[in-house]
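Novice: Listed below are the residues making up each chain.
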Amino acid sequence: MIRIRGVTKVYDRRQILRGLDLSVDAGEMVFLTGPSGAGKTTLLRLLYAAEKPTTGEIWLAGERVDTMKRSGLPQLRRKIGVIFQDFKLLRRKTVMENVTFVLRFHGIAPREANRRAYKVLKRLGLHHRQSALPESLSGGEQQRVAIARALVYQPRLILADEPTGNLDADLAAELLSLLCDINYQGATVVVATHDHALLESLPARTLVLRRGVIDYDGRWPP
Amino acid sequence: MMRHAIAEGWLLLRSRGLVSPILALALAIPISLAGVTISVRQWLEPVIDLGDREGVVAILLHPRLDESGRRAWIDEQTRRHSEWRLVAVEPEELAQRMSAWFPYLEELLEREGPEMLPPMVEIRTRDPEGVRELKTDDEVLAVGPTSSVNQVVGRVAGRFATVLFTVAGLLMAGAVLFAGVWVHLELHRNAEEIAIMRLMGATESTVRGPFLVAVTVPALLAAAASVVITVVAVGWISRLAAPLGLAATGPSLMVVVAQVCCAIVLPLAAAIITLERHATTEE
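Protein sequence lines correspond, in order, to chains A and B. Numbering (the working numbering) for the first sequence: 823 to 1044. Numbering (the working numbering) for the second sequence: 1081 to 1363.
There's no promise every hint is true.
[Unchecked claim] Calculated pairs, SDA-like style, for lysine to any residue (alpha carbon to alpha carbon, straight line, at most 20 Å):
1. A:K874 <-> B:T1283
2. A:K915 <-> B:A1087
3. A:K915 <-> B:E1272
4. A:K941 <-> A:A872
5. A:K915 <-> B:M1082
6. A:K910 <-> B:E1273
7. A:K915 <-> B:H1268
8. A:K941 <-> A:G962
9. A:K901 <-> B:A1275
10. A:K901 <-> B:S1285
11. A:K891 <-> A:K910
12. A:K915 <-> B:L1091
13. A:K915 <-> B:Q1231
14. A:K915 <-> B:R1083
[Said to hold, decoys possible] Calculated Cβ distances over 12 Å to all of chain B for the following chain A residues:
15. V832
16. D834
17. D843
What the hints contain is simulated information worked out from the structure, not anything from laboratory work. A quick note: this is a predicted structure, and the numbers were derived from the prediction, not measured. Cβ atoms here follow ideal geometry from the backbone N, Cα and C, with glycine treated the same way.
From just these sequences and the hints, can you work out the full model?
Specialist: Right, here's the structure in full:
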C-alpha cells in the first residue's frame, strides 16, 4: 500500500527526514512514534500529498505521489482518510455537515450521506451534537468529528496524526476499537502517536522515528 | 457537484447580502446606458446624419476665370489641402441644377446659355467648416453652406454618443473589476476551508463552482434589469420626438441579446480569471 524510497525533506536548511525507506502492506496497522520534531507529521503530510519530498519516491496504492500532477490529487485523496492533529474542521458548518461534505465528493446522495454520518457520529458518541458548530464543541468532541469525517467513507488508507491527543481513556479505547474494525475490514491504518498506552494496547507493527530516520521497526515495546 | 455549487454559492451570497444587489446595479447601469445609446442612435440614423460623413461645399468662382484659370485654381487648392477632393461642375450640369432648384431661371438660362453662369467647383471633405477660409480668396465669388442642420445635429449626437459610450465603458470596467475583486476577497476569506476541502479530495470544479454561482446570480439580475431599463428609457425618449412625426421605438433584438450576453459573460469571465490566478494559491 505504501512504498517510500530514499525520502528526504528539508525545511529552511533543516533536514526533517533523511533518506527514509519504508514499506507498509495493504491491510496492515502501523503505529508511528518518536519524540516531537522527529518528522512524524511531516511523513504523514508527504503521504497525503500536502507537500512534496525534497528527494526520493513515494508510492501509494501503486501510484507515485511525489510527481503526481495537481489534477490527480483529488482522486488520490479520496482514497485516504486523514485525521488531522489540528482537526481541520469547517468552522461555518455543523458537525453533521462537516462529516457529510466529504461524502458529496464521492457522489453519495444527501439522504444516504446523512444516514452514514449519523451512524459514525453515534458510534463516537456525538449524534446528539450533530447540529452544533465546531466552535461550541470541546477539544475532544472536535477531534471525534475529525475522526468521524475520516472514517465515514471507509477509505482504503487511514492516516491519523495524534488521534487520541484530546480524548479521555474510554474514548481513546473506543477510537482504537473503531480503527481496528476498519483495519479488520481491509483498510491500511497508520497512526502517528506519542501515547504509549495506545501503543501497548495493541500488538501492532511500530515504527520509531528519530531525527528523520526509522530507528526501530517491530512490535512495541522494543 | 452542481447541487453543491448552488448550495455553497447561495451561502456565499447570503453571507454578503449587499454585494449581490450592488454588483447587479453596477453592471446594469453601464449596460443600460450603452443599450439606450445604441437604440437611440439606431432610431435617429435615418433622419439625422450621424455618420460624420463627407460634406459637400459648393464654391462659385469669379466669372473672369477661364477654363485654364479654373483648372490652375483647383490644382493649387488640391496641393494646399490634400484632404479636399475638388470636382469642377460643368456649366451644363450647373444649368440643369439651377433650373431644377429655381424653375423661373429656366427661360433665362435657355436664352443666355450655361456660359453665363460663373464656374462652380464642389469640395468634398470631412471638415466642411474648413472650406470657409476660401471666402477671402480673390478668385472666389461665394462659398455655399458649409453644413446642414442635420449634419450639425448629427455631429452633436455622435459626440454625445461617444461620451456616453466612454462613460459606460469605464463604469463597466469598474463593475467587472468589482466582481473580480469580490471573488478574490471571498477566496481569501475562505482560504482555510478551501485548503481543507482540497485535502479531503475536492476537485477544482468543486472549489470554484460556488464562486461562479455567486457571481452568476447578480449577473442574471443585471441582465434582467438592464433590458427593462433600456426598454423603458428608449420608449420614453422616443415618445418625446412624437411631435416631429417619428414613431416611438424600443431596443432591437440584437441590442437586448448583446446586453444579456455582456451582463452574464463579463463578470463570469472576471470571476474565472480571478479563480484561475488565485484559487490555487489560496491555501
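Novice: Against the structure shown, which of the earlier numbered hints fail to hold, in ascending order?
Specialist: 4, 11, 13
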